[in-house]
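With chain A's structure known, arrange chain B on it following the hints.
Here is what each chain is made of, one letter per residue.
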Amino acid sequence: MTFALLIEQLLNGVQLGVMLFLMAAGLTLIFGVMGLINLAHGSLYMVGAFACASVAALTGSFWLGLVASLAAAAAAGALIEITVIRRLYQRDHLDQVLATFALILIFSEGTRWLFGSFPLYLDIPPLLQGAVGLPGGAQYPVYRLAIILAGALVAFGLYALISKTRLGMRIRAGESDREMIAALGVDIRTLYTLVFALGAALAGLAGAMVGALQSVQVGMGEPVLILAFVVIVIGGIGSIKGALVGALLVGSVDTLGRFLLPQALALMVPPDQAGLIGGALASMLIYILMAIILAVKPRGLFPAQA
Amino acid sequence: MKTFLKAATLTLTLGASSLAMAEPVKIGLITTLSGGGAGLGVDTRDGFMLAIKQSGNKDITVITEDDAQKPELAVQIADKMIQSDKVDILTGIVWSNLLMAVVPGAVAQGKIYVSTNAAPAALAGEKCDPLYFNAAYQNDNLHEAMGEYANKVYKKMFIMAPNYPAGKDSLTGFKRYYKGELANEVYTKVGQTDYAAEIAQIRASGADAAFVFLPGGMGIAFMKQYAQSGVKIPVIGPGFSFSQDVLPAIGDAALGAKASGQWAKDLDNAANKKFVPAFQAEYGRLPSIYAVQAYDAAQLILAAASKASVKDVKAFTTELSKADIQSPRGKFKFNTNRHPIQDIYLTEVVKDNGTLTNKIVEKIFTDHGDAYAKDCKK
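In order, the protein sequence lines correspond to chains A and B. If you're matching positions, the first sequence starts at 1 in the numbering used here and goes up one per residue. If you're matching positions, the second sequence starts at 1001 in the numbering used here and goes up one per residue.
In isolation and in its complexed conformation, chain A is listed as follows (with noise of 0.2 Å):
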């Protein structure tokens, strides 16, 4: 049984993972490329759950939804990058995250004034309902493993995207030098729309599809925003592979610490003092992970430019 309950918790643990590199690649690809820091990635995970419950609520299909998240969010993405962020790419950091904050508070604000203050509801398609059984005895979410199925195609699809093809070579030239691939005729306002088009179509398929396992509402992207920052941080900034490991770092770390640590403090002291005291050290341990790391390598595990 307990060998059971530790590759259970071992999946979770890259099931979260999985989420994360979600957030964490669109995040870490806009930093990359544009050298901007968007605070208001959460919001696109927002817009991606709400247009997902919304659709799956009219039509009936979360299918549909999950292809309405990708199209909502890439068109907000696009949006706010045409209004708002191409203003701030010759802008310090500061700027850039004022003006990214102010956007948290807007469309958390029109979410409201659209949706209401009650969370949505949003359910998981029936062809992944329910649980399978594993090797060893253990029984597993459907859901949950289809997560992880779609973060690795998703992983596996970057790769390519950025390797192999045309938009990822300018995409990879963009990075290491902007004036010298627009003076070699790439249209590089087109390419930066494009690149977060697509970091904010990640995140809204990252809500969608974590909308159906917990609550569709307002001001759910931020506390995902803070882990997606730290993972970033432990991977390198600006790197996607950094993102991948950092993200199925951080997802062990934390959920294997969740639940070792207050049973190795039950040997020691009583169990509702382990219970507070291990879930509080818990909590904390993806941020001490994160100070070793920087302690070691201050520019996280790989950092993107030299």
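It should be emphasised that the hints constitute simulated quantities derived from the structure, not laboratory data. Treat the hints loosely; a few may be bogus.
Claimed, not checked - Sample of chain B residues with no beta-carbon within 10 Å of chain A, all distances over it, derived: (1) Thr1061; (2) Ala1108; (3) Tyr1177; (4) Gly1230; (5) Asp1245; (6) Lys1311; (7) Phe1334; (8) Lys1351; (9) Asn1353; (10) Glu1362; (11) Gly1369; (12) Ala1373; (13) Asp1375.
As the list claims (entries may be wrong) - Calculated pairs, SDA-like style, for lysine to any residue (alpha carbon to alpha carbon, straight line, at most 20 Å): (14) Lys1232(B) - Leu281(A); (15) Lys1333(B) - Asp1375(B); (16) Lys1026(B) - Thr1064(B); (17) Lys1168(B) - Leu281(A); (18) Lys1168(B) - Ser283(A); (19) Lys1189(B) - Ile226(A); (20) Lys297(A) - Leu248(A); (21) Lys1168(B) - Met290(A); (22) Lys1168(B) - Gln273(A); (23) Lys1232(B) - Gly130(A); (24) Lys1232(B) - Leu248(A); (25) Lys1232(B) - Ala131(A); (26) Lys1026(B) - Lys1070(B); (27) Lys1070(B) - Ile226(A); (28) Lys1189(B) - Met290(A); (29) Lys1175(B) - Pro270(A); (30) Lys1189(B) - Leu285(A); (31) Lys1026(B) - Thr1317(B); (32) Lys1363(B) - Glu1348(B); (33) Lys1232(B) - Leu134(A).
The model shown is predicted, which means the values in this text are computed figures rather than measured ones. Yeah, the Cβ is synthetic: ideal placement off N, Cα and C, and Gly gets one too.
Same frame as chain A, now just chain B:
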């Protein structure tokens, strides 16, 4: 003769009106209307305003402001309401940490506070105040009731709450009555949204049932994930985990869940039969427990205002403590620490005409007070 009659009628009307309303009353309603917790605040405001509207009382003014669930903002608003708006009574705060920031200062300035929800232990015992009333419950009450219920039905319990003061009060309240074996006691992060690790522990614990206190979005996330996990151990909790504001978002995953509450939609009394349809007609949705609590807080203030002047704080609070109202909860009176003495029921989530709601199963406690009243000497 005619003049005399006129004069007499005039005196009578004047007399009657001065009896009905001693003085205009200004109420400051501070509640959460933005951010993730706004659902609770919206219900609080709507419940409160329904009672004011039904009374038709023109001498009552209510000023509403949003605290965004931030203690520092709540304190600023309270100061502004007391100093520049000159309110007589404050009410509406949903969260215990915000209440703790506002109430001591407000009562020190001689303002009356009637709580519509938050009821931290710290203000129920030794540090109680003659100007602080709670129209909802004491924080521990609903958890105590589930402890009592679990005693009868289960032998081994898994218990879980967020790691913050109300979470600790919750498990303390539960353990005050539950005497069986504890499989595990888990504290989660406040605002946590993924419970896979905890659900795996519940599965492995071999408990008969899990007692879970996770208010708002946390509870929605937990219940949806629990339903998908294939774990068959029943989940029970205090009423907040399955209240009307979160049920639509949890969906059918909540069906059959047992919880405790001092009110449910189907409670059989005249006031409740009037309240539920009136709320539905006004706002187009079912009321939650937060709406009922705020409705009663407004009724309490209205009842006191019809008997005494709010400028005479002593007379007004004496009238308030009589609690002369028809509550949708049925029996309602104040304890010596000005917290309610009321019945607490076991409820079950059912589907009624396609809408998820709570139905009363049985009574757990009759005339239940709280553990702190004996320490309140003021």
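Comparing the hints with the structure gives:
1. Distance check for Thr1061(B) against chain A: the nearest CB is about 24 Å away, which clears 10 Å, and the non-interface claim stands.
2. Chain A leaves Ala1108(B) outside its interface by the beta-carbon criterion, the shortest separation being 32 Å against a cut-off of 10 Å.
3. Once the 10 Å rule is applied to beta carbons, Tyr1177(B) is consistent with being away from chain A; the minimum gap is 16 Å.
4. A Cβ of chain A approaches the Cβ of Gly1230(B) within 10 Å, the least distance being about 3 Å, so the stated non-interface status is violated.
5. For Asp1245(B), the requirement that its beta carbon stay farther than 10 Å from each beta carbon of chain A is not met, with the minimum near 6 Å.
6. Distance check for Lys1311(B) against chain A: the nearest CB is about 36 Å away, which clears 10 Å, and the non-interface claim stands.
7. No Cβ of chain A approaches the Cβ of Phe1334(B) within 10 Å, the least distance being about 31 Å, so the stated non-interface status holds.
8. At the 10 Å boundary, the C-beta of Lys1351(B) stays outside the reach of chain A, the nearest C-beta of that chain being 14 Å off.
9. For Asn1353(B), the non-interface assignment is confirmed: its Cβ lies about 17 Å from the closest Cβ of chain A, beyond the 10 Å cut-off.
10. With a least CB separation of 29 Å from chain A, Glu1362(B) remains clear of the 10 Å interface cut-off, as annotated.
11. Every beta carbon of chain A lies more than 10 Å from that of Gly1369(B), the smallest distance being close to 26 Å; the non-interface claim holds.
12. For Ala1373(B), the requirement that its beta carbon stay farther than 10 Å from each beta carbon of chain A is met, with the minimum near 25 Å.
13. No beta-carbon of chain A comes within 10 Å of the beta-carbon of Asp1375(B); the shortest separation is about 23 Å.
14. For the proposed pair Lys1232(B) and Leu281(A), the alpha carbon gap of about 30 Å is over 20 Å, so the pair is violated.
15. For the hint pairing Lys1333(B) with Asp1375(B), the CA-to-CA distance comes to about 19 Å; that is within 20 Å, so the pair holds.
16. A hinted pair counts as satisfied when its Cα atoms are at most 20 Å apart, and Lys1026(B) with Thr1064(B) qualifies at roughly 11 Å.
17. In summary, the hint linking Lys1168(B) to Leu281(A) is supported, as the alpha carbons are separated by about 16 Å, within the 20 Å threshold.
18. As the CA atoms of Lys1168(B) and Ser283(A) are separated by approximately 17 Å, the hinted pair is consistent with the 20 Å bound.
19. Note on Lys1189(B) and Ile226(A): the hinted pairing holds, with a Cα-Cα distance of about 14 Å set against a maximum of 20 Å.
20. Straight-line distance between C-alpha atoms of Lys297(A) and Leu248(A) comes to about 18 Å, which keeps the hinted pair within the 20 Å bound.
21. Distance check on the hinted pair: Lys1168(B) and Met290(A) sit about 29 Å apart at the alpha-carbon level, beyond 20 Å; violated.
22. Of the supplied pair hints, the one linking Lys1168(B) and Gln273(A) holds, its CA atoms being roughly 11 Å apart against a limit of 20 Å.
23. With a C-alpha separation of about 12 Å, the suggested pairing of Lys1232(B) with Gly130(A) holds against the 20 Å cut-off.
24. Restraint check: the Cα-Cα separation between Lys1232(B) and Leu248(A) comes to about 29 Å, which exceeds 20 Å; the hinted pair is violated.
25. Among the hinted pairs, Lys1232(B) with Ala131(A) is consistent with the structure: their alpha-carbon atoms are about 12 Å apart, no more than 20 Å.
26. Distance check on the hinted pair: Lys1026(B) and Lys1070(B) sit about 24 Å apart at the alpha-carbon level, beyond 20 Å; violated.
27. Straight-line distance between C-alpha atoms of Lys1070(B) and Ile226(A) comes to about 19 Å, which keeps the hinted pair within the 20 Å bound.
28. Among the hinted pairs, Lys1189(B) with Met290(A) is consistent with the structure: their alpha-carbon atoms are about 18 Å apart, no more than 20 Å.
29. Simply put, Lys1175(B) and Pro270(A) have alpha-carbon atoms about 15 Å apart, close enough for the 20 Å limit, and the pair holds.
30. For the proposed pair Lys1189(B) and Leu285(A), the alpha carbon gap of about 12 Å is at most 20 Å, so the pair holds.
31. With a CA separation close to 15 Å, the supplied pair Lys1026(B) and Thr1317(B) stays within the 20 Å bound.
32. With a C-alpha separation of about 12 Å, the suggested pair Lys1363(B) and Glu1348(B) falls inside the 20 Å cut-off, and the hint holds.
33. The straight-line distance between the Cα atoms of Lys1232(B) and Leu134(A) is roughly 17 Å, inside the 20 Å bound, and the hint therefore holds.
In the structure shown, a violation is registered for the earlier hints numbered 4, 5, 14, 21, 24, 26, in ascending order.
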